[in-house]
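A.B. asks: Chains A and B, in that order, are what the protein sequence lines are.
Residues 1 to 102 in the UniProt record's numbering are what the first sequence spells out, letter by letter.
Residues 1 to 444 in the UniProt record's numbering are what the second sequence spells out, letter by letter.
Read the hints as simulated data drawn from the structure, not as lab findings.
Quick caveat, the model's predicted, so the values are computed rather than measured.
Glycine is no exception: its CB is placed at the ideal position from the N, C-alpha and C atoms.
Hints are supplied without guarantee of correctness; some may be wrong.
Stated by the list, open to error - Simulated DEER-style distance windows between Cβ atoms: (1) ILE15/B with GLU71/A: 25 to 33 angstroms; (2) GLU23/A with MET180/B: 13 to 21 angstroms; (3) GLU71/A with THR392/B: 28 to 36 angstroms; (4) SER76/B with LYS41/A: 41 to 49 angstroms; (5) PRO394/B with LYS64/A: 28 to 36 angstroms.
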Amino acid sequence: MKRILLACSAGMSTSLLVSKMKEAADAKGIETEIWAVAQDKAPKEMERADVLLIGPQMRFMKKKFSITANEVGIPLDVIDPMAYGRVDGEAVLNKALELIGE
Amino acid sequence: MNRFMDVLENILMPIAEKLNNNRYLTALRNGFMVALPFIIFGSIFVVIANLPFLDKLVSEEAWAAYQNALGPASASTLSLMGLFVIIGIGYKLTEHYKGEAIYGGTVAIASFLILTPQLIEFEITSEIISGLESGVMHSVGGVIPTVSLGAQGMFLGILTAFVSAELYRFFVQKNWTIKMPAGVPGAVSRSFSALIPITLTLSTFLIVRIIFSYTQFNTLQNLIYTVIQEPLTALGSGLPATVVAVLLIQLFWFFGLHGQIIVNSVFDPIWYTLNNQNLAAYQAGEILPNIVTKQFIDTFIVGIGGSGMTLAVILGIFLIGRSRQLKEIGKLSAPSGIFNVNEPIIFGLPIIMNPLVIIPWLIAPVVITFVTYFSMASGLVPYPSGVIVPWTTPAIISGFLATGNAWQGALLQLVNIAIVLVIWWPFLKVMDKQYYENEKKAQS
């Protein structure tokens, strides 16, 4: 079970991605839990996630989130703007799996 | 062009980082988020209490009874917004310090109440109330003036929440707590451990209140209001500051940074205060004082598809688009765009770092700011009534609700869409042609 957490300002635009990523995961036959939250909820939610992906428009939060991510020991990264704009679930899913795999 | 953009990005990114990682601004933003459900609950009932045409259908008494029955809904939430913001900030700041957040929230509100004059003074100007002498000041004690918890006390409330949470943390860290012997239940010992820090924090505010009662300002309330709040809100309600704020939002977004959230953390206290001033006047049936308010920005400058009013851009894509790429982006962006979520078009078109669209991206919202401002100033469209419309409310509906159920508000949004569309038209044409030719080349 891969638990992937997405965060943006209100958790709205990342939630668009969530459904696309779930579709991609189902197609690959990977068991996942993917969910999106607002930035203020992210530190708490990180505790039960395997990876955190940040919306590119909130990339200035990366430094702050890194502190919590290090504490709970999960990787994090900013979602590629192009993939974000195309709502490319598969690309973002691959990125998440790659980060977890490391 | 690329070097110039790199330089700008290098300037904007640290600003965004600073503003967003500043613990006070973060607590402020998250504190407002705590208050938001209450604010929206109150707004819904202001809208219902002022339904158009209903006052013409029923008798005057029935209308008054109807409004009176619904009144407490907004009077206890939206009008007392400061109360919830103060608790929210105190809570969130203390949570940030990993302290007992609930005490942070409650100590903030108690500190604020200590600073608040619990007295209402009034003058009798007519002979309607018998037994009271006219022409002199009378007062009622044992009350908390609701205005202090609304627009008037907003800035003091925010400052008090910051200071009280800091003091509380300071006194907790000093560890002058009463230690309970082992075996005492956790909750019991926690309630005692909060006692000393809270006592010291509140005593500090009591001393401040006593000191201020000997100054010409009488209360800290008055000082903050006249020295900080009034000048800042006066500045914020003007066109120049508004244009600067709008331009900054656009500029941040151009670099793919969430401009709204960055600029709001500075402007929200001002915009919400202006909003509540309008609400108080609207409820009292008086002339509304402000054009620029939270809703002016949220409904008329942002609320048409999101920052940059991208719903008009999506519309333009549907009208112009020949290239497959553009049409795909339009289809992808439209459903969320209706609800003012516009990341797909911002990152997909793309708008970010795209020199081709920087002109309409920056110009259109400024033009719309002027158009909206002057259509309100001239009396064509009513001022925002002070209700808070959730930012995901689609255009046309939001314009109607924000202006106190006025169709002119909805019409103004339609006009704004048309203006944005015209400004974007030539740029979209060029973009579409580029994409179209690239696609043809790729095919052959």
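A.B. asks: All the hints need checking, so say for each whether the structure fits it.
C.D. replies: Verification of the supplied hints:
no. : hint                                      : verdict
1   : ILE15/B with GLU71/A: 25 to 33 angstroms  : holds (27 angstroms)
2   : GLU23/A with MET180/B: 13 to 21 angstroms : violated (54 angstroms)
3   : GLU71/A with THR392/B: 28 to 36 angstroms : holds (33 angstroms)
4   : SER76/B with LYS41/A: 41 to 49 angstroms  : violated (27 angstroms)
5   : PRO394/B with LYS64/A: 28 to 36 angstroms : holds (33 angstroms)
Consistency with the previously given hints fails for numbers 2 and 4, ordered from lowest to highest.
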